[in-house]
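Peer 1: This is what each chain is made of:
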Amino acid sequence: MMPPQLPPGSLIKIIEVIAILVGAFSGFIEARRKRMDLVGVFVVAFITAFGGGTLRDILLDKRPLFWVSHQEYAILIFVLALTAAPLIQHLRQIVSERLIVIADAIGLGMFAIAGVAEAMRAGMPIFIASMMGVITGIFGGVMRDIVCNEVPMVFRDGKPYAICAFFGCWAYLLQMHFGAEHDFALWTSASGITILRLICWKFDMRLGR
Amino acid sequence: MMPPQLPPGSLIKIIEVIAILVGAFSGFIEARRKRMDLVGVFVVAFITAFGGGTLRDILLDKRPLFWVSHQEYAILIFVLALTAAPLIQHLRQIVSERLIVIADAIGLGMFAIAGVAEAMRAGMPIFIASMMGVITGIFGGVMRDIVCNEVPMVFRDGKPYAICAFFGCWAYLLQMHFGAEHDFALWTSASGITILRLICWKFDMRLGR
Amino acid sequence: MMPPQLPPGSLIKIIEVIAILVGAFSGFIEARRKRMDLVGVFVVAFITAFGGGTLRDILLDKRPLFWVSHQEYAILIFVLALTAAPLIQHLRQIVSERLIVIADAIGLGMFAIAGVAEAMRAGMPIFIASMMGVITGIFGGVMRDIVCNEVPMVFRDGKPYAICAFFGCWAYLLQMHFGAEHDFALWTSASGITILRLICWKFDMRLGR
Numbered sequence: 001m002m003p004p005q006l007p008p009g010s011l012i013k014i015i016e017v018i019a020i021l022v023g024a025f026s027g028f029i030e031a032r033r034k035r036m037d038l039v040g041v042f043v044v045a046f047i048t049a050f051g052g053g054t055l056r057d058i059l060l061d062k063r064p065l066f067w068v069s070h071q072e073y074a075i076l077i078f079v080l081a082l083t084a085a086p087l088i089q090h091l092r093q094i095v096s097e098r099l100i101v102i103a104d105a106i107g108l109g110m111f112a113i114a115g116v117a118e119a120m121r122a123g124m125p126i127f128i129a130s131m132m133g134v135i136t137g138i139f140g141g142v143m144r145d146i147v148c149n150e151v152p153m154v155f156r157d158g159k160p161y162a163i164c165a166f167f168g169c170w171a172y173l174l175q176m177h178f179g180a181e182h183d184f185a186l187w188t189s190a191s192g193i194t195i196l197r198l199i200c201w202k203f204d205m206r207l208g209r
Numbered sequence: 001m002m003p004p005q006l007p008p009g010s011l012i013k014i015i016e017v018i019a020i021l022v023g024a025f026s027g028f029i030e031a032r033r034k035r036m037d038l039v040g041v042f043v044v045a046f047i048t049a050f051g052g053g054t055l056r057d058i059l060l061d062k063r064p065l066f067w068v069s070h071q072e073y074a075i076l077i078f079v080l081a082l083t084a085a086p087l088i089q090h091l092r093q094i095v096s097e098r099l100i101v102i103a104d105a106i107g108l109g110m111f112a113i114a115g116v117a118e119a120m121r122a123g124m125p126i127f128i129a130s131m132m133g134v135i136t137g138i139f140g141g142v143m144r145d146i147v148c149n150e151v152p153m154v155f156r157d158g159k160p161y162a163i164c165a166f167f168g169c170w171a172y173l174l175q176m177h178f179g180a181e182h183d184f185a186l187w188t189s190a191s192g193i194t195i196l197r198l199i200c201w202k203f204d205m206r207l208g209r
Numbered sequence: 001m002m003p004p005q006l007p008p009g010s011l012i013k014i015i016e017v018i019a020i021l022v023g024a025f026s027g028f029i030e031a032r033r034k035r036m037d038l039v040g041v042f043v044v045a046f047i048t049a050f051g052g053g054t055l056r057d058i059l060l061d062k063r064p065l066f067w068v069s070h071q072e073y074a075i076l077i078f079v080l081a082l083t084a085a086p087l088i089q090h091l092r093q094i095v096s097e098r099l100i101v102i103a104d105a106i107g108l109g110m111f112a113i114a115g116v117a118e119a120m121r122a123g124m125p126i127f128i129a130s131m132m133g134v135i136t137g138i139f140g141g142v143m144r145d146i147v148c149n150e151v152p153m154v155f156r157d158g159k160p161y162a163i164c165a166f167f168g169c170w171a172y173l174l175q176m177h178f179g180a181e182h183d184f185a186l187w188t189s190a191s192g193i194t195i196l197r198l199i200c201w202k203f204d205m206r207l208g209r
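Chains as they are written, first to last, in full-length UniProt numbering: chain A, 1 to 209; chain B, 1 to 209; chain C, 1 to 209.
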């Protein structure tokens with residue numbers, strides 16, 4: 001879901017792969033918890049990794065979709081579903097909770113800021129652009145939960161997740177409004193979301209209802 | 001979801017806002033019943049208000065979406081989610097059941113006829129246009145129920161709701177076919193849906209299964 | 001969901017109608033099992049019959065949708081929902097399980113190969129094209145199960161269904177790659193899926209988890 005204007009450096013590539021793998025990984029876990037078979041595991045992982053950006057692109061009427069023009073990611077998730085999924089239980093023991101949360105927070109920041117940048121480039125009004133950023137960040141997980149027949153976690157656990165993405169998107173929009181350099185705005189906002197999310201997680205913050 | 005050809009009079013504007021608020025309100029209630037947090041309340045209200053028209057526009061490949069070119073409505077629902085949602089319990093005591101049903105019936109008529117008019121303008125065949133009208137009228141609620149992990153109410157309660165919209169859409173299509181003036185066809189059909197829906201509600205009519 | 005390049009012979013037309021009727025029929029059964037009313041029965045049957053191809057066309061940004069330019073199929077399902085749905089219990093006693101499985105296997109082959117052929121014509125990369133074939137074949141049923149508030153059957157029963165479609169799509173892609181005649185590739189692959197599916201059903205094969 002990374003927008004094309006990101007410089008194709010190796011750091012970006014690595015973070016991009018991490019963000020997609022984390023999405024897929026959370027899909028693997030949820031699908032296994034629901035006792036799905038191989039097909040379910042692959043589809044749910046795929047939807048979790050690419051659902052948010054795909055919904056955004058459909059709403060913006062942008063084609064081709066990210067995963068269509070980068071089929072290597074679809075193949076990667078396919079191979080992982082075939083090989084790694086049966087090992088998920090073991091993987092969860094090796095990979096600490098902390099590492100998953102950190103990777104997920106990085107993914108949230110990257111996806112959300114890529115989403116808001118894409119929406120601004122498509123000429124969206126500013127509030128809608130911020131919504132598109134949040135949609136890109138969270139709707140993979142929302143679709144995962146709908147397919148798994150659950151009320152989406154991000155709508156009910158009261159933890160600031162979408163809200164971190166929302167604030168980060170506005171940090172990006174404000175920086176752009178006041179003439180900041182684009183790459184600077186992009187990286188500070190994405191990191192801001194990641195850091196904010198990790199602080200909320202560290203102190204177990206919750207919203208009131 | 002109002003089509004552009006509606007004259008921009010103040011009455012229209014008021015009904016339009018009412019229709020959207022009623023959709024959002026029903027989303028608020030359902031989201032609270034499911035004990036969702038602030039994010040869930042906003043998203044579910046938004047989906048209920050705009051889901052039907054958004055699905056229609058995606059099926060017709062029409063852009064920009066209504067809520068994208070009128071971001072004031074998205075902002076309105078956002079502000080309501082922040083301020084009014086906690087007061088929903090009280091609001092339900094103040095606002096009578098009767099008033100909600102009336103407002104909802106007005107919304108159903110407006111949305112459905114706007115949907116069928118939009119579909120005819122996009123050159124759809126006549127039966128498909130009537131389906132697009134019904135989709136615009138009911139799919140906000142359908143998506144709300146799916147996100148809330150329920151079998152959609154409109155598919156199972158046996159009350160004529162989609163069917164009122166369906167008859168109204170055909171009243172519009174027949175009037176257009178026989179050369180009626182467009183505004184006349186629009187208003188009589190939309191009011192017809194509203195009145196039919198209220199009659200069905202008043203006498204608690206049900207379809208057989 | 002048949003691609004336009006299929007010769008409009010009467011055999012094709014018959015198989016096309018069978019594939020759509022089988023999809024609708026499985027929607028009828030599921031909707032009745034969930035005690036849905038007439039509206040639910042129609043919508044669920046419609047989604048089951050056309051959901052997979054509609055999702056594919058939205059992902060490919062192809063319009064008009066199949067059921068939009070062939071409204072006779074929508075009308076057919078509408079009439080069946082009005083007339084045949086109440087008789088479903090009886091129909092299930094008349095129509096043997098075996099017949100349903102055979103018709104469904106034919107539909108799976110036709111839909112999947114039509115989907116992969118459509119995706120190749122739209123210039124998709126090869127792995128994505130195979131995914132589009134499987135999506136066309138299975139997502140009608142996936143959407144049916146989501147609307148009916150179930151974890152999609154095709155993701156959890158461990159029976160090779162999506163996988164038969166997947167192998168058949170690759171049989172088509174390989175034949176095209178090695179320069180086979182298009183109609184030959186089309187028919188052998190579609191029949192291959194049908195036969196593979198029937199063999200899996202006959203011997204009650206299951207995937208490991």
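There's no promise every hint is true.
A pair counts as met if it fits within one copy or between any two copies, since identical chains are not told apart.
With a Cα cut of at most 30 Å, we get these calculated DSSO-like pairs of lysine-lysine [as the list claims (entries may be wrong)]:
hint, residue 1, residue 2
1, 202, 159
2, 13, 202
3, 62, 34
4, 202, 62
Please keep in mind that the hints were generated in silico from the structure rather than gathered at the bench.
Peer 1: Each hint: holds or not?
Peer 2: Hints versus structure:
Proximity of residue 202 to residue 159 under the C-alpha cut-off of 30 Å is restricted to the intra-copy arrangement: shortest distance 11 Å within a copy versus 43 Å between copies. Within a single copy, residue 13 and residue 202 get their C-alpha atoms as close as 28 Å, which meets the 30 Å cut-off; across copies the closest is 47 Å, which misses it. Taking the closest pair of Cα atoms, residue 62 and residue 34 never come within 30 Å of each other, the shortest separation being 33 Å inside a single copy and 34 Å across copies. Taking the shortest Cα distances, residue 202 and residue 62 never come within 30 Å of each other, neither inside one copy (37 Å) nor across copies (44 Å).
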